[in-house]
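Chain by chain, the residues:
Protein chains: 2
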Amino acid sequence: MRAVQLAFRTATAADLPDIVRLLADDHLGATRERYSDPLPESYGKAFEALRQIGSEVILALDGQGTIIGCLQLMILPGLGQQGRWRAQIEAVRIASHLRGQGLGAQLIRHAIDRARERGCRSVQLTSDNSREGAHRFYERLGFKASHVGMKLALE
Amino acid sequence: MRAVQLAFRTATAADLPDIVRLLADDHLGATRERYSDPLPESYGKAFEALRQIGSEVILALDGQGTIIGCLQLMILPGLGQQGRWRAQIEAVRIASHLRGQGLGAQLIRHAIDRARERGCRSVQLTSDNSREGAHRFYERLGFKASHVGMKLALE
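So the sequence lines, in the order shown, correspond to chains E and W. Quick note: to get the working numbering, add 98 to the position in the first sequence (first position is 1). Quick note: to get the working numbering, add 98 to the position in the second sequence (first position is 1).
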């Protein structure tokens, strides 16, 4: 099988339906997201809020220009480590019918390059304990599983 | 021993020397931070950047008004889960001579209340694998260790 060489660009609001379709195309996302026409307006508000704080959604496109992957790249200031900027990768998706071909690795490597370009000194992410294989995937890309990720839902 | 009842407020730039002193007062922070007079200007820039994106540093004060703890509360938009806002707690410190008295729990509970007040639907944090005791501490406060936290340093 010949590897697809992806192209990448930063998403605009017009890409939101494609992004939400990808977010929902996942065993956890299927229950958490709502892909409808029109989209719930909370997605548009969140997209605008991300843009306002200098974060971005990166799209992966195949040779035909079809959006087949995405991730959210948070560019975060912080006091720790003498005020280093960090990038935080969230909501990583590759279209389910294209998984297992190394496309996710291309997308993450692009995000790492983009984080460096934007002045970040580290890249961080958390991965659900149930996402089998993802931890090894990130370790192959150079990440270290150095932390425990903890969450508290608020009602 | 009578428990100290802490007061809390959002930090201003004038509090930065006290905050950096606390950040450095830790076995990991001691090698990562630089508490000098004047402070490295990167701290002031990071503080302003945090303020601009709507995040904040919360201070814990004892009965005399002395700053004895702090944490960074990131208020983050995101597309996931239909555009839910999340709070992210970072850089938690209690002055080393006051640890083990339940003050950290008061500080985290306050941060959780503040996250709810600011419209967040969850609170997340990562804790270094080497921070023994911290994971149990957060679990007692209701957090679930549901994720693996991964980091990649950029050079």
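Hints are computed from structural coordinates only; laboratory data are not their basis. A portion of the hints provided could be inaccurate.
Calculated cross-link-like contacts (lysine-lysine; reagent style DSBU-like; alpha-carbon spacing at most 30 Å) [stated by the list, open to error]:
id : chain 1 : residue 1 : chain 2 : residue 2
1  : W       : Lys143    : E       : Lys242
2  : W       : Lys143    : E       : Lys249
3  : E       : Lys143    : W       : Lys143
4  : W       : Lys249    : E       : Lys249
5  : E       : Lys143    : W       : Lys242
6  : W       : Lys249    : W       : Lys143
7  : E       : Lys143    : E       : Lys249
Hints, verified against the model:
no. : hint                : in the structure
1   : Lys143/W - Lys242/E : 28 Å, holds
2   : Lys143/W - Lys249/E : 29 Å, holds
3   : Lys143/E - Lys143/W : 28 Å, holds
4   : Lys249/W - Lys249/E : 17 Å, holds
5   : Lys143/E - Lys242/W : 28 Å, holds
6   : Lys249/W - Lys143/W : 23 Å, holds
7   : Lys143/E - Lys249/E : 23 Å, holds
The structure shown violates none of the earlier numbered hints.
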